[in-house]
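Q: Listed here are the chains, written in short residue letters.
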Amino acid sequence: MSMTILTWSLMAAQFMLAIAMVCACLRMFRGPRAQDRVLAMDSLYLNGMGLMLVFGIVSGSTLYFEAALVIALLGFVSTVALAKFLMRGEAIE
Amino acid sequence: MIAIKTLPDWAALLTAFLVLAGAALTMIGAIGLVRFRSFYERVHAPTLGATLGIGGVLLASMVYFSVSETRPVVHEILIALFVTVTTPVTMLMLTQATLYRDRAEGRAPKITDAPPLPADVITPAPVAGAGAPSDQTERLAGQNSLKTGAPGAVSDPY
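As you go down the protein sequences, you meet chains A and B in turn.
If you use the numbering used here, the first sequence corresponds to residues 7 to 99, in order.
If you use the numbering used here, the second sequence corresponds to residues 18 to 175, in order.
Check before you lean on any hint, since a few could be wrong.
To be verified - Label pairs and their computed distance ranges (CB to CB): (1) E122/B to E72/A: 22 to 32 Å; (2) A24/A to L30/B: 16 to 26 Å; (3) G66/A to T101/B: 23 to 33 Å; (4) P38/A to K22/B: 40 to 50 Å.
Just so you know, the hints here were simulated from the structure itself, not pulled from any lab data.
Just so you know, even glycine gets a beta-carbon here, dropped at the ideal spot from N, CA and C.
Hey, can you work out the whole structure from these sequences and the hints?
A: Printed below as a string of structure tokens:
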């Protein structure tokens, strides 16, 4: 019984994280200005990382953890680079 | 496709609750990202998913793998630490860039209730030989002289 609950809640969690990624994509395509798009991209990275972790639980393998770590690192670096670009017009001084 | 190992009841229910709570909070944050009106409201919404949402999913992953492999698996703490450290940094940089861009274009955010900061009040520059300084200029100059400690700063024509 509890394993059925776990299976269905993992599927529901994947579904909700997918909806969150769709919302972030919507804001990224619709966002009136550049900073909205950067914010939506940061949120998209985080949601993708959560989806990767939930998929690791579903498949029972710890390999997805490394993928989530790499996604977190790339998301941080790219968001900082884009924020600096918005601030100064160049990313590397 | 689904290869979930059989867990004891308490671990399965705890994992289910944590993963559902984390995913629901992340979804609420993303819906807020779509529905809020201005950027300064929108920048708050995804941090719900970045703190509690990711935290719930990471805790669920820790509980699941610790119980299913019968040894403590705590390497998810790395991601939790990294996300907790980096999210405020990115949000601060992004908001600073937005504020800079808005001010450069002359559309700074409206502050309705708060009084203007002293740095935002534009003080008219006193012109030398332009007659008696106005009341406000004199008061500001007096404040300046109080701050700097120079007694003759009122008639300083710089």
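Q: Among all the numbered hints in the text so far, which are the ones the structure does not match?
A: 1
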